[in-house]
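Enquirer: Heads up, the sequence shown is in the working numbering, so the first residue is 5 and it goes up one at a time.
Each hint should be verified, as a subset may be incorrect.
As the list claims (entries may be wrong) - So the derived label-pair ranges between C-beta atoms look like this: (1) Pro154 to Arg196: 38 to 48 Å; (2) Ala140 to Ala65: 17 to 27 Å; (3) Arg196 to His52: 21 to 31 Å.
To be verified - Listed below are the simulated SDA-like cross-link pairs for lysine to any residue, each with C-alpha atoms no more than 25 Å apart in a straight line: (4) Lys20 to Arg141; (5) Lys20 to Ala157; (6) Lys164 to Arg99; (7) Lys20 to Arg80; (8) Lys20 to Ser158; (9) Lys20 to Ala103; (10) Lys164 to Ala88; (11) Lys164 to Arg133; (12) Lys164 to Tyr53; (13) Lys164 to Thr81; (14) Lys20 to Ala88; (15) Lys20 to Ala148; (16) Lys20 to Ile9; (17) Lys164 to Trp197; (18) Lys164 to Thr72; (19) Lys20 to Gly146; (20) Lys20 to Thr144; (21) Lys20 to Arg6; (22) Lys164 to Val48; (23) Lys164 to Thr94; (24) Lys20 to Pro155; (25) Lys20 to Val127; (26) Lys164 to Pro59; (27) Lys20 to Gly171; (28) Lys20 to Pro59; (29) Lys164 to Arg196; (30) Lys164 to His50; (31) Lys164 to Arg185; (32) Lys20 to Arg137; (33) Lys164 to Ala85; (34) Lys20 to Leu162; (35) Lys20 to Thr81; (36) Lys164 to Pro69; (37) Lys20 to Pro69; (38) Lys164 to Met5.
What the hints contain is simulated information worked out from the structure, not anything from laboratory work.
Note that the Cβ used here is the ideal one computed from N, Cα and C, for glycine as well.
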Amino acid sequence: MRTPIRRDNHRHQWEKDRARRPLDTRASTGATEHETGLEPRDLVFHAHYREVPAPPYLADAFGVPEGTVLLQRTYRTRCSAETAPLSLVTSYLVRDMIAANPDLLDAAREPWPGGTQHQLHTVGIELDRVEERVTARPPTPGEARELELPPGASVLLLRKTSYDTDGRVVDVSEATLPGDRTELLFTTPLERW
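Work the whole structure out from these sequences, hints included.
Expert: Structure (structure tokens):
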């Protein structure tokens with residue numbers, strides 16, 4: 005059986021709460037462990053960074069001119085007992101927004117204890133809100149192969165946009181999640197009358 009993933013919208017506050025914690029606390033577990041119940045020793049992680057010019061849709065999202073240099077971060081994490089990654093994730097940051105900390109431009113520093121929220125914290129950026137949009141579709145042949153999807157399985161496409169306390173978009177992430185093992189859980193607290 006493939007490791008199930010349960011993605012919950014409370015994860016963003018969980019990540020924010022950890023962003024200012026000591027290194028040993030941040031290094032003890034991350035979002036993937038939180039969503040799968042696995043331990044860090046159970047995971048194989050790979051990150052690849054490259055600088056890319058902002059295409060129109062990302063320039064629009066970030067509110068920057070087309071061609072602005074973005075740091076594209078591609079992540080693949082898998083359970084050590086499996087060969088397929090848990091998801092296909094690509095994240096984008098405006099390079100000039102994070103360049104004050106050169107460690108943020110180095111994929112060899114991954115996995116970063118405390119994740120993106122801690123990375124942004126190191127350059128004085130605090131998140132105010134996170135928007136996530138989810139759609140579903142059949143996988144491309146490449147996605148089906150890489151995620152080792154059974155015939156007929158769909159993928160969930162999750163686009164996460166993170167805003168800082170000044171209302172700026174500071175991170176856009178696109179995740180392709182295998183529909184055969186991903187559960188999305190949304191809990192909406194309601195204010196009392």
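Enquirer: The structure should be examined with respect to each hint, and the outcome stated for every one.
Expert: For each hint, the structure was consulted:
no.	hint	verdict
1	Pro154 to Arg196: 38 to 48 Å	holds (45 Å)
2	Ala140 to Ala65: 17 to 27 Å	holds (21 Å)
3	Arg196 to His52: 21 to 31 Å	violated (47 Å)
4	Lys20 to Arg141	violated (31 Å)
5	Lys20 to Ala157	violated (33 Å)
6	Lys164 to Arg99	holds (18 Å)
7	Lys20 to Arg80	holds (22 Å)
8	Lys20 to Ser158	violated (31 Å)
9	Lys20 to Ala103	holds (21 Å)
10	Lys164 to Ala88	holds (22 Å)
11	Lys164 to Arg133	holds (10 Å)
12	Lys164 to Tyr53	holds (18 Å)
13	Lys164 to Thr81	holds (18 Å)
14	Lys20 to Ala88	violated (29 Å)
15	Lys20 to Ala148	violated (33 Å)
16	Lys20 to Ile9	holds (20 Å)
17	Lys164 to Trp197	violated (31 Å)
18	Lys164 to Thr72	holds (20 Å)
19	Lys20 to Gly146	violated (34 Å)
20	Lys20 to Thr144	violated (34 Å)
21	Lys20 to Arg6	violated (29 Å)
22	Lys164 to Val48	holds (23 Å)
23	Lys164 to Thr94	holds (10 Å)
24	Lys20 to Pro155	violated (38 Å)
25	Lys20 to Val127	holds (15 Å)
26	Lys164 to Pro59	holds (17 Å)
27	Lys20 to Gly171	holds (17 Å)
28	Lys20 to Pro59	violated (29 Å)
29	Lys164 to Arg196	violated (29 Å)
30	Lys164 to His50	holds (20 Å)
31	Lys164 to Arg185	holds (20 Å)
32	Lys20 to Arg137	holds (20 Å)
33	Lys164 to Ala85	violated (28 Å)
34	Lys20 to Leu162	holds (20 Å)
35	Lys20 to Thr81	holds (21 Å)
36	Lys164 to Pro69	holds (21 Å)
37	Lys20 to Pro69	violated (29 Å)
38	Lys164 to Met5	violated (28 Å)
Against the hints set out earlier in the document, violations occur for numbers 3, 4, 5, 8, 14, 15, 17, 19, 20, 21, 24, 28, 29, 33, 37 and 38.
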